[in-house]
Amino acid sequence: MRRRWDIFCAVVDNFGDIGICWRLAQQLADERAADVRLWVDDLAAFARLNPAVSVADDRQQIGLVEVRHWSRDRFDPHVEVPDVVIEAFACELPPTYVEAMSCRQLAPVWINLEYLSAEEWVEGCHQLASPRPQSSLSKYFFFPGFTPQTGGLLRERELLSQRAAFDDHAASEFWTRLGIEPRRDGELRVSLFCYENIALEPLLKVWQSGSEAITVFATSGFATQQCARLLDHPLEPGTKLQQGSLTIYALPFLTQPDYDRLLWSCDVNFVRGEDSFVRAQWAQLPFIWQPYPQSEETHLTKLEAFLERYLQSAAAESPSLGAAISQCWQAWNGRGDIAAAWLEFSNQLPLVERHQMAWVSQLDRLGDLSNNLADFVEQIERRRLVTHHSSAL
Amino acid sequence: MSIRLAGDLRSGNVMMVNNEPMQVVKAVYNKSGRNAAVVKVKAKQLLTGRVTENVYKADEKFEIVMLEKKDCTYSYSDGNNYVFVDGEYNQYEIPCEDMADQARWLCEGMTDVCEVTFYNETPIGVEFPQTIVREIAYTEPAARGDTSGKVTKSAILKDSKYEIQVSAFVEIGDKIEIDTVTGEFKKRCT
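Heads up: the protein sequence lines correspond to chains Z and D, in order. Sequential numbering from 2 applies to the first sequence in the working numbering. Sequential numbering from 11 applies to the second sequence in the working numbering.
Since the hints were made in silico from the structure, they are not lab data. A hint or two may mislead.
[As the list claims (entries may be wrong)] The following label-pair restraints were derived from C-beta to C-beta distances:
id, chain 1, residue 1, chain 2, residue 2, range
1, D, Asp-169, Z, Val-387, 35 to 43 Å
2, D, Lys-52, Z, Gly-187, 18 to 26 Å
3, Z, Glu-81, D, Glu-103, 47 to 55 Å
4, Z, Asp-74, D, Gln-101, 50 to 58 Å
5, D, Lys-163, Z, Val-387, 39 to 47 Å
6, D, Val-61, Z, Leu-344, 49 to 57 Å
7, Z, Gln-363, D, Ile-13, 41 to 49 Å
8, Z, Leu-301, D, Lys-52, 49 to 57 Å
9, D, Glu-78, Z, Ser-103, 27 to 35 Å
10, D, Glu-73, Z, Pro-351, 56 to 64 Å
11, Z, Arg-336, D, Arg-20, 27 to 35 Å
12, D, Gln-140, Z, Glu-305, 57 to 65 Å
[Stated by the list, open to error] A few chain Z residues that face chain D, going by a derived Cβ cut-off under 10 Å, partial list only:
id, residue
13, Phe-144
14, Pro-292
15, Glu-297
[What the hints assert, rightly or not] The calculated lysine to aspartate or glutamate pairs, modelled on EDC-like cross-linking and capped at a C-alpha distance of 20 Å, are:
id, chain 1, residue 1, chain 2, residue 2
16, D, Lys-36, Z, Glu-124
17, D, Lys-52, Z, Glu-124
18, D, Lys-50, Z, Glu-121
19, D, Lys-71, Z, Glu-88
20, D, Lys-50, Z, Glu-124
21, D, Lys-80, D, Glu-98
22, D, Lys-71, Z, Glu-93
23, D, Lys-71, Z, Glu-100
24, D, Lys-50, Z, Glu-88
25, D, Lys-50, Z, Asp-365
26, D, Lys-52, Z, Glu-121
27, D, Lys-50, Z, Glu-93
28, D, Lys-52, D, Glu-70
Glycine is no exception: its CB is placed at the ideal position from the N, C-alpha and C atoms.
Produce the entire structure from the sequences given, and follow the hints as far as they go.
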């Protein structure tokens, strides 16, 4: 059966929401032969991520996915409700659309796709129903995660083989296309994607004064802006700045496939939030994560929960590996001395990389979020069919 | 009727879900992402007794209902219903299947004051006092040796024929205290 899906995305800030929804939409269309409509409330944000998107068109076809512009308050009440409705990150659907859902002869499977977290409580909430207080509709919570009791992580079917095929030659072609000089012997290449971060200033100082040549690829936005401010030098996309051992390239805004290539081409990746955090894991290279900053330091709880899972096997690989990774990640998130932690971390890069490979093979066994989600939808439909038949008897 | 956010639900609250009263057994709050939160709610459907686990956004709104409660005593059973009587001799019938495990504490002539809960003027449940006293109808004699009270044996309660674990020293005809929440033997009455 070819299912029709609606995915609703509200762009709150940055590009994480639309980045994840776009990946999910493409994968469902491509790998599950689903008819997918992706509803986006901010086409301008989407167009930055994907230049094929036109900000002027409320309805357009991008590859296999139909893209629609939506607003909660002005929503066409005649839009036909499909078989499956995804509400990404509890974005709250238009009331007229919810009304139409309840009028449908067979209610659609309604999923709230949640945020990624390594915390234990997620397993207990994954796939639970959420009956609506005012109607007979029910939605289900679906949580990405790192264990078999969760939905896993987004990963396209071909991603790992594409990653494996990306060799030095491909990397060198990528650098050339971006107008970046070829890699020098002994040079360490680092990608930088972060939120406002107080640890960046001391880290830049360590990189400037170190004996090792470090090239930092600052992504468009916070990373470039902070580097420019801290180094007291303008940094326009495509420009380069050298101070001591540190060279900084300010990157233009990259598409998703190019951001993957950047991750695959560097030696260490600084990532943030959710989407780049997941992509860095599939890159199978050392990375350092800055979670989305939250009140009451909730992000630090999430950081610790991930580190606990991620480092479970580290002690068996090397006695000091876990501490080196943990201290560097903590320091990057404002807990500890980033200068000392970076030196310890960078001394252990080959071990970190080996650990990362083992972690990825563990993640790979979980399946992937899109297919796990599609399987769950089918499971609910089967369950409903059984209930429907038994009540008819 | 009042409105409460899922994040503020507490055990004992009765929330309306699709026109059905659900009594919260447990509500656990967790921060998810971007300062949002979710609440996992274990709740009992008051009309069917079914217990479910669901999850809600912490800012989801629910109507909260206040249930009427009356002190009553148990009177008799007509086979289909248990009949309770309040201080003004009004009778309330509760279907036997709705009493579930609570029926094990019922016995002829019991004087325990129970709390009958009403939803839309229909009695939907009974709460016993936390401690009740019941008589042992049958138990095997204690094996000699251990008198510490840690060794337990089975005993049958008078009237309900319910089987309970009691200390080895308890004998036929003894009156014992039972915790109705845990369903466990507390002590022998002196």
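So, going through the hints one by one against the coordinates:
| no. | hint | in the structure |
| --- | --- | --- |
| 1 | Asp-169(D) - Val-387(Z): 35 to 43 Å | holds, 42 Å |
| 2 | Lys-52(D) - Gly-187(Z): 18 to 26 Å | violated, 59 Å |
| 3 | Glu-81(Z) - Glu-103(D): 47 to 55 Å | holds, 49 Å |
| 4 | Asp-74(Z) - Gln-101(D): 50 to 58 Å | holds, 54 Å |
| 5 | Lys-163(D) - Val-387(Z): 39 to 47 Å | holds, 45 Å |
| 6 | Val-61(D) - Leu-344(Z): 49 to 57 Å | holds, 55 Å |
| 7 | Gln-363(Z) - Ile-13(D): 41 to 49 Å | holds, 45 Å |
| 8 | Leu-301(Z) - Lys-52(D): 49 to 57 Å | violated, 28 Å |
| 9 | Glu-78(D) - Ser-103(Z): 27 to 35 Å | holds, 31 Å |
| 10 | Glu-73(D) - Pro-351(Z): 56 to 64 Å | holds, 60 Å |
| 11 | Arg-336(Z) - Arg-20(D): 27 to 35 Å | holds, 34 Å |
| 12 | Gln-140(D) - Glu-305(Z): 57 to 65 Å | violated, 40 Å |
| 13 | Phe-144 | holds, 8 Å |
| 14 | Pro-292 | holds, 9 Å |
| 15 | Glu-297 | holds, 8 Å |
| 16 | Lys-36(D) - Glu-124(Z) | holds, 17 Å |
| 17 | Lys-52(D) - Glu-124(Z) | holds, 15 Å |
| 18 | Lys-50(D) - Glu-121(Z) | holds, 13 Å |
| 19 | Lys-71(D) - Glu-88(Z) | holds, 18 Å |
| 20 | Lys-50(D) - Glu-124(Z) | holds, 11 Å |
| 21 | Lys-80(D) - Glu-98(D) | holds, 11 Å |
| 22 | Lys-71(D) - Glu-93(Z) | holds, 13 Å |
| 23 | Lys-71(D) - Glu-100(Z) | holds, 17 Å |
| 24 | Lys-50(D) - Glu-88(Z) | holds, 19 Å |
| 25 | Lys-50(D) - Asp-365(Z) | violated, 29 Å |
| 26 | Lys-52(D) - Glu-121(Z) | holds, 18 Å |
| 27 | Lys-50(D) - Glu-93(Z) | holds, 19 Å |
| 28 | Lys-52(D) - Glu-70(D) | holds, 16 Å |
Hint check: violations occur at hints 2, 8, 12 and 25; the rest are consistent with the structure.
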